[in-house]
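*Asks:* Please build the complex by placing chains Z, H and F with the ligands on the supplied structure of chain A, with the hints as guidance.
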Amino acid sequence: MTEAPRLQMTGIVKTFGPVRALNSVDFEVAPREVHGLLGGNGAGKTTLMNVLYGLYRADAGTIELDGAPVTVASPGDAIAARIGMVHQTFLQIEPYTVLENIVLGTKAARGERFDGPKARAEITELSERFGLEVDLDAVVEDLPVGVRQRVEILKALYRRSRVLILDEPTTNLAPQEVDALFASIRAMVDEDLSVILITHKIRETLGVCDRMTVMREGQRVATVTRAEATAESLAATMIGETPVTDPTDGEEVAAAVVATGLASADEVAAADAGAVSTAPVAVRVTGLRVDNDQRVEQLHGLDLELREGEVLGIAGVSGNGQVELAEAVSGVRPITGGSVRLGDRELAGAATSAWLGAGVVYVPEDRHRDGILPTSSITENLLLGSQRSTRVKSRGLIDWKAARQRAVDTISDFSIRANGPGALAGDLSGGNIQRVILARAFAHHPRFLVLHNPTRGLDLKSTEFVYEQVDAATREGACVLLLSEDLDEVITLSDRVAALYSGRLIGEWTRGQTDHYAIGRAMIGLEAQDV
Amino acid sequence: MSEVAAPPSTTTARVNRAAWYAGSVLAAFLVGGIVIVLLGLNPVVAFESVITTSFSTGFGFVETLHKWVPIVLCAYAFTIPLASGKFNIGAEGQLLVGATAGVALGITGSDLPPLLLVPAVLIAGVLGGAVWSGIAAFLMVRFGVNEILSTVLLNFVAFELIDYVASYVWPDRGAGHPATIPVGENAMLPGFGEPAVHAGVLITLLLSVAIGLAMRSTAAGFELRATGANPRAASVHGIRTSRLTAGGMLVGGAVAGLGGAIEVAGVHGNMLEGMQSNFLILGIIVGLMARGNAVAVPFVAFGIAVLEVGASAMQRSAQVPIEVVLIVEALILLFLMLSDVLRSKLGSRS
Amino acid sequence: SCGAIEEGDHEVSIAGVFSGPTTDADYNALGAKALLDMESDEVKVAYSESVEVPDVERVIEEYVSDGYDIVWTHGSQFYAATAKVAARHPDVTFIGEFDGKPKDQPENVWVIDRNFHTVFYPLGTLAAHLSQTGRVAYLGGLSLPFSYSEVHALEQAIADSGEDVQLSRVWTGDFNDTVRAQQAAAQLMSDGNDIVITSLNLGVVGAFQAVKQEDVGDAWITVKYTDKSANGPEHYAASVIYDFSEPLQKIVDQIQAGERSGYFALTFGDGTSVDVGDEVPAEAKAAVDDAVQRIESGELTVELDQSEVK
Amino acid sequence: MNEVVGFLALVIPAMVPFVLAAQGTILSGRAGVFNVSQEGVMVLGASVGFLASFTLGGNTIGLLVAAAAGGLVGLILALATTALRMDQFVVGLALYFATLGLASLLYRVIVGVTLEPPLIELLETYPIPLLSDIPIVGEVLFDQDLVVYFAFALSFGLWWFMYRTSAGLRFRSVGENPKAADSLGVNVFRTRVWATVAGSALVAMGGAYLPMVYTGTFTEGMVAGRGWLVIALAFLGGWRPHYVVAGAAFFAGMDVLALRAQVADIAIPHQFVMMLPYVATLIVMIFAFRWARQPGFLGNNYDRESRLSG
Ligand SMILES: Nc1ncnc2c1ncn2[C@@H]1O[C@H](COP(=O)(O)OP(=O)(O)OP(=O)(O)O)[C@@H](O)[C@H]1O
Ligand SMILES: Nc1ncnc2c1ncn2[C@@H]1O[C@H](COP(=O)(O)OP(=O)(O)OP(=O)(O)O)[C@@H](O)[C@H]1O
Ligand SMILES: [Mg+2]
Ligand SMILES: [Mg+2]
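Chains as they are written, first to last, in the numbering used here: chain A, 1 to 531; chain Z, 532 to 881; chain H, 882 to 1191; chain F, 1192 to 1501.
Isolated chain A, as found in the complex:
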């Protein structure tokens, strides 16, 4: 390379109390490069990028941009150095409009009134140029995640970044949206940006990145160019071993294969085609009507049926009624019409705790908001939902000693990376939080499991782990409703697949008869084929 690297981080160390999150990491990004940053949950990717962005102050290490050393002590310094970051969890002022969120804190906003025509024109131009369409006057808290994602990217672009960090940007996007995002990334690189892309999806990485760096346990383990990399080698490097799978049945093969991105999901699913379940119907939903938070009806009389041991996958782009469906059939959101029967028990209208008692278990999409008690310990988080069950009590009181022991066991069974059972759930990395939630869900011995984007943001190992758990649950006779934006995942895990579009189920494909593109078209409403 003749040019100086766009970014050079050397010897970065960062500790949080006893946790050494970054252990002398070197990281380099070339000009006009899309650089993938990979690694398992808790590997330190976000931490490294937060150091770069000035959100965390490193204990040691230096940063150079275009050959010149820079000190990044605060995000203000980072912005001045033209580093932009789209955070893993959105950092937005919810009651502000899109425009206000974008111009907030910029020089442009300083000179004139913040809703001045100049800023407006500039942002409109940017969004057209990079294909990031938004309504500037919409209030952010009313927007679906996909749009909020675009707002985050526009925020960075508006600040004329030369290095743009995208921390797991695709987790919230439908396949078509991912394609659009990658097109935008290409356009950015053409305009002299360097992009750092954090993702767990090896296929994406290989699709868009020029080079990639793999991290493990706070250390950089390898940097490879696309030419050198294969999916297998990347996966092996990330996990730190060659995955030892001893496939016992088709689904497990599928899980492992998809996880490591080795083959097209359609092929795998076809291997176990045509097996239509004849088990008794476990869950029957008829005429389901549900409102969203703004009291607008989102589901208009939806029907579905699940047999024991069956997985029904619902593919779809978020904002089409997924949240409403998932919450309604798990008893969290009130139903305005129709019925949900588990076996011969009608659950519509019952309190959430009654649904839970009947064996309906829900793994929500938004882990931080709906899934955990952030300031409570892992022990307490694992207890949540079963605090009234006699299992956890002795002489009418909660047996904390036993609960702590169970937490210790769970931490080892589910490989949760945490500082003991007393660690606060909010301090865990995203992947580990999900493990806590899943551990809790499976401990309930569900009869009906509702999973919403269960592996979003999870690394390969964790994803594989989730698939195994789902498999184990279905073998015990539980039925599973899987709502996911990850089409591969839906196709792999489901016995039957339907698409959810505008609150209606479109099409139905049984295992082996799935067609990626047909489902994709149904998801975005091109296939108006009612069931």
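None of these hints come from the bench; they were simulated from the model.
These numbers come from a predicted model, not from an experiment.
Ideal placement from N, C-alpha and C gives every residue a C-beta, glycine not left out.
Misleading hints may appear alongside valid ones.
[Unchecked claim] Examples of chain A residues lying across from chain F (beta carbon under 10 Å, computed): (1) PHE16; (2) TYR53; (3) LEU55; (4) GLY76; (5) ILE79; (6) PRO95; (7) VAL103; (8) THR106.
*Replies:* Leaving out everything else, chains Z, H and F with the ligands in the frame of chain A:
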């Protein structure tokens, strides 16, 4: 407003923390001593009386226990709703309405035998307090009225209410102060020993154990804390959060109301203006110093009660103006908080 | 004035208990002054200020256990607690204050009767003669029996004067709430009252400010306890002035002479006096002097009526 | 007509302490710092404001010194909760105690025990030419003291700043989501500090206004719970400057109305009349859910490196 979760507690950590706390109290007295010297007074005499008043005479000890009761109860009135993330700033109003209810029964039912009347007075206090916090709870759950606002306002309403009761309903004409006539003899809590400790101390002790256990180890206590930690996650997992927060407010008010009834039936024998003293603020301070930990509340409250009783002794023995006591209390609180900060800073370094 | 009682230092030790700060330039300052006047090589004094009614029993007990010979509680709100503690400690002598004569007075308690109704009578006379609008107002703090007795005394005086004057009354709910007293006085003025007879502690300062907004001669104010004419000399009509120094001295002397119980009514010449402002017309001033004289001579007794004012 | 003017003439000054202190409260609150020391800081402001006016001569000096004292308290609150991340509620309560004590102590040291309260001049009114000639409105609004004009100008200025300038956009973002604000280069620490210092200075000025407009002297209880009501007012006004003015008018109006009702001899026990403002506020709050939103991060401390904050 954050971080009310109890820190991890091994024995060494506990001893360590106690040492830090003792150090902060000493530091506060040191600064207070400087102020006293600047005023030309004798700090040694002043502080001696703070420490000795509660313990040198039986009377001082009994007074300390009697002050401890309402402080503990007001601290629970604050911490129980706080567990679910709600701020009950209305303990004094709830205490006063509880006292009103207690005195009403104690006066009108003065013919009943003590075995009936005493529990009735206490129950009336409990209900009175619960009604008062219940108004705030109802407005909060039904109309989303912020509970800080409603409980503060209801305090002011309660002041007028008891003034009315003491001036028009059962006024004591010779009192020279708004006060009701005394309750019947049969309404008074029995006392033990000499000087007598009223039975309210025992009731409070038992209640403290019950509340500590309930908050720690019952499903409802857990649910209350879960709601405080993340109301959405709690409701997704089957907890009826609005019912719980309302319940927490009700229980809090009930406890404060009981405090009012005990003050009537144990200490004053009637209801009088000003009987809420500064128990609200002391209760909040105790609750915050105990980090919302129900088990720690009675212990912290005892320390504060000793200080309160000792503080007025300081004025008596060394003519230290009453306002210096306020300043010392503020310093204790600040230094306690500061010691937490320093301790965790030093802790994370080692 | 430091330290607990050490044996043999003094002949007698006296403790004072005050309801507010001794810096109030009012009732508690009067008390502090009386007590500090007593202080000498033979007499040791100490006091507690800002003592709330619910706490007073404890404070008295503490003085007793510190070995004080005499405990004086300044304010009738403390009487009940004083009598209660006195019954427990027959060796200590107590001085309490009351409005009227208490029913069962312990053997070791002296009572100071503040006799407010009697001293308020001349103020009623003054108001009746001074008012031009025919409307005068009583401005009180808490609606307590003693303030009812003041209102009834004013009514009696106005009736006796034969003038056609109407008395209205307002309670602010707090003797020391200056702001509310100002607002209430302002409203009374705008309602047509031209004399405000206050029965307040610190609140009166606020009332002065409201009255001062009116033209000189069109509005007057009377006050209680201390001479507050400096607040507004041109609108100042009169004060009933209290002095506890002499009464306290007399009582302590009697206690030392072995008289451990007694009744001391404050009255004109004995702890109280009426001071009439310089701006008050001579005719009104004469009427006041006459009323005071008739009370002093015993020719006139003011009825003690503590019944609720409707 | 005169009735209305008389009523409003009382309401406007009664609003001022509420407006100043509540704007101060929302200023720090909008930056995320939930101040609960208002009651004490207002008393300190009243004491210091009075003492400075008294000793240095001149109310302007008094107001400035009060503001400086309040600012100093605010600085302690700000540093303790930002740099040291101590609990806002606890520090606020501690400062409430400390300021309450300090206020009396300073008065005691400078004035001491006296039977004549020291007095300062009340604020003069400055009619605004032309505007004050408008009937009713002019009399009520444009013939006031300078602090009244200041309070209203400040309220308008704050509204303009918060909702019409980009600095205001940055400012409010700190109280809504400091992490997001921080990630865009907004200085959370500095914003919180200046807002809390300025806010607390305004609270103290609200207190200092009381002796200057009502009483001419300082008394301990003169703030009489206004500091606590100011917190309620901030919630009632949804932490927005323009609504807070309306809320202050409501509070002050109900308060004056309650006294008015008593002066007018309404046959309801005055305690019930005095309850009116509080009960009415509660009823209004039932309908206030539309605007009664509070800053998203109110009362929480921000720690850039903690995952739990923000
Ligand atoms: N603010 C923090 N406080 C304490 N520990 C932290 C903090 N941030 C990160 N850590 C710890 O540092 C380690 C690295 O976390 P990081 O978030 O960087 O992982 P990641 O690679 O981004 O994982 P994921 O894929 O789950 O997002 C984890 O062990 C995490 O618990
Ligand atoms: N009394 C008023 N005077 C002037 N403008 C007003 C008034 N009432 C409302 N407004 C308008 O409302 C806007 C702000 O009020 P609103 O209560 O809607 O705040 P908001 O933007 O929702 O505040 P936030 O989101 O920060 O809570 C102002 O920009 C202004 O145009
Ligand atoms: Mg991450
Ligand atoms: Mg809004």
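*Asks:* Give me the numbers of the hints this structure contradicts, sorted from smallest to largest.
*Replies:* Hint check: nothing fails, all pass.
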